[in-house]
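Following this note's numbering, the numbering of the sequence shown begins with 214 at its first residue and continues without gaps.
Any given hint might turn out to be false.
[As the list claims (entries may be wrong)] DEER-style ranges, computed between Cβ atoms:
| hint | residue 1 | residue 2 | range |
| --- | --- | --- | --- |
| 1 | R318 | H237 | 43 to 51 Å |
| 2 | R235 | T327 | 18 to 26 Å |
| 3 | W290 | A483 | 42 to 50 Å |
Read the hints as simulated data drawn from the structure, not as lab findings. Please read these numbers as outputs of a predicted model, since none were measured by experiment. Ideal Cβ positions, reconstructed from N, Cα and C, are used throughout, including at glycine.
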Amino acid sequence: MSVALLCVAAVALDALLGEPRRWHPLVAFGNFAGRIEQRFNSGGRGWRSHGVTAWVIAVVPLTLLATALSWAPYIGWVLEILALYCALGMRSLGEHVLPVAQALRSDDLAEARTRVSYLVSRQTSELDSTEVARAATESVLENGSDAVFAALFWFVVAGVPGVVLYRLSNTLDAMWGYRNERFERFGWAAAKIDDVLNYIPARLVALTYAVLGKTGLALKCWRTQGPTWDSPNAGPVMAAGAGALGVELGGAAIYHGQLHQRPPLGEGPAADADAIERGWQLVQRGVWLWLLILCAGAQFYA
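Kindly produce the complete structure, drawing on both the sequences and the hints.
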């Protein structure tokens, strides 16, 4: 089966079923990674070398196992679809961001704060409605890149080894990649590897957002605002996404009790419930554009 058809099947499966409810492989992996971190970073005393060792132990054996299973005769293509399906989080992203917009439309700020707290690591208990909408819109743009587009990219480039390696690495970055006392040294490898793996996908996503939105403004924001962001990959993605939507994102936010003055992103009115929903639609349209390009490419080279 062609890569294009495998991608379409996995995206369709995600749209139909969403994330596995009873047992998700990434949840099990997260528990496994937590035990590894306790072993190599007890009390936050691990060094960079410990982080590298922990990353190898967590990622490499599982990537090799998944690869071997995908080569199984007769059922290998099924396992390829399942691997990509488990790596995708498109429907789950919508299930998390749309209730934030619905709560804002109902003027239920308390519910909106609760819902957005499931998406972001910043402090949400005192956010006003604009700040909630800004956080949710940023999240849908960035998580669309990480949880959807990058998984598709690495599956197309390297099949099951690529998507499993990427998704496990991205999960470790989410768990270990913090710049705080506990993870500053130990989580360095996880953060840097994730940066490398996301470098090309993030820029393709930024371009996708630009093509599907306010193209000129998106490209301008990507060029001028993206480099000001701490993250080399989130900056281009969110700057281009904010420009494509024609809204203002970025600005001050509180993380772990500390106020961070983040650069502005985008241009236009403040984010609102409509911006959240349009951001989600932008991600959806981008995925179908990628699939269309893949299918057209498969037909051309057939």
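Right, here's what the structure says about each hint:
Checking the proposed 43 to 51 Å range against R318 and H237 shows it is violated: the Cβ atoms sit about 30 Å from each other. A beta carbon spacing of about 25 Å between R235 and T327 agrees with the range 18 to 26 Å that was offered as a hint. The beta-carbon spacing between W290 and A483, approximately 47 Å, falls within the hinted interval of 42 to 50 Å.
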